[in-house]
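For reference, each letter of the sequence shown is one residue, going 1 to 216 in the working numbering.
By construction, these hints were calculated from the structure, which means they are not laboratory data. Hints should not be assumed to be uniformly reliable.
[Claimed, not checked] Here are the simulated distance ranges between beta carbons: (1) Lys151 - Glu187: 55 to 65 Å; (2) Gln64 - Met203: 32 to 42 Å; (3) Lys151 - Asn35: 52 to 62 Å; (4) Arg78 - Val30: 51 to 61 Å; (5) Asn122 - Leu168: 19 to 29 Å; (6) Arg78 - Asn36: 47 to 57 Å; (7) Met203 - Met73: 18 to 28 Å; (8) Val115 - Glu187: 46 to 56 Å; (9) Tyr163 - Gln112: 14 to 24 Å; (10) Ile39 - Asp17: 16 to 26 Å; (11) Arg98 - Val129: 20 to 30 Å.
Keep in mind that this is a model prediction, so the values were computed, not measured. Note that the Cβ used here is the ideal one computed from N, Cα and C, for glycine as well.
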Amino acid sequence: GEVLRVLVNSTAQIKCDVGSSLPDDKVLLVVWYKNNLPIYRGDFKLSQKRKSNGNLEGVVPPKQPLIFNERRMRIESRAGPYEEGGNLEVTCVVQEGRPPPTVTWLMNGQIQNSVVDYSYDNTINSKLVVRNLSRIHQHAVYTCQASNFHKKYVSTNITIELYLRPLLVEISFNNQPMSADRKYEIECQAIGSRPPAKITWWMGNIELHGHSQKVS
Numbered sequence: 001g002e003v004l005r006v007l008v009n010s011t012a013q014i015k016c017d018v019g020s021s022l023p024d025d026k027v028l029l030v031v032w033y034k035n036n037l038p039i040y041r042g043d044f045k046l047s048q049k050r051k052s053n054g055n056l057e058g059v060v061p062p063k064q065p066l067i068f069n070e071r072r073m074r075i076e077s078r079a080g081p082y083e084e085g086g087n088l089e090v091t092c093v094v095q096e097g098r099p100p101p102t103v104t105w106l107m108n109g110q111i112q113n114s115v116v117d118y119s120y121d122n123t124i125n126s127k128l129v130v131r132n133l134s135r136i137h138q139h140a141v142y143t144c145q146a147s148n149f150h151k152k153y154v155s156t157n158i159t160i161e162l163y164l165r166p167l168l169v170e171i172s173f174n175n176q177p178m179s180a181d182r183k184y185e186i187e188c189q190a191i192g193s194r195p196p197a198k199i200t201w202w203m204g205n206i207e208l209h210g211h212s213q214k215v216s
C-alpha cells in the first residue's frame, strides 16, 4: 500500500479511489480502518467489494538547530573572531524529528560539502570544517538547515568574524640624505587590516618610541 506522511497536529486528507473499469459497476460499501479496526463506513448501491490498504505516518519536525564551536560553546549569532588563515570548526546539533531529518550546511545560500554527520540518542550532529579562512569568509553567513518533510525547514544562522592582516604597508619619505640635528617626519601607512594594525618603528634591533598613530 501507499504511505502518506503528514505533520503532527495538522490535518490529513486521504482519498479512496472507488472507480471501476466496468461501466455498470457501482460502489456498495466503503469502510475505513485504522490499525485493523473500522472507524467509518459509507453505504452505496449495487457493487462488488474492493479493498485497498495504505499507511498514514505522523511526521514529527525537528527542533531548532543549535550551533557550537570547537570548545562546545554555543554560538548565538556571531562566531569568532578567527585568525585569517586559520580554521573554522562548528557543529550543528539537531534534536528529535521522526523520521530522522536531513541536515545541510550552507554558506551564503550555497551548500557546503566539508561535513561529517553522526547520530546518537535521537540527536544528529553535523560538523562543518572550513580550512584556511580568507577574506571571502569575513561576514559570511553559515546556515544549518534541517528537514524531514517536503519544503518544511528549521534553520539557524551564524555570521563569521575574522582578524584580517594588512594588505599593504607603505613608508612615505623622499629617501633623501638626512642631516644631523634636524627634525624629519616619516609616515608609515598600513592598509586593509581588521582591527587596525598596531605600528611599531625600529632602528636595527632597537624599538623607537615617541611616534603617534591615527586610524582612518
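**Message:** Name the hints, by number, that the structure is in violation of.
**Reply:** 2, 3, 5 and 7
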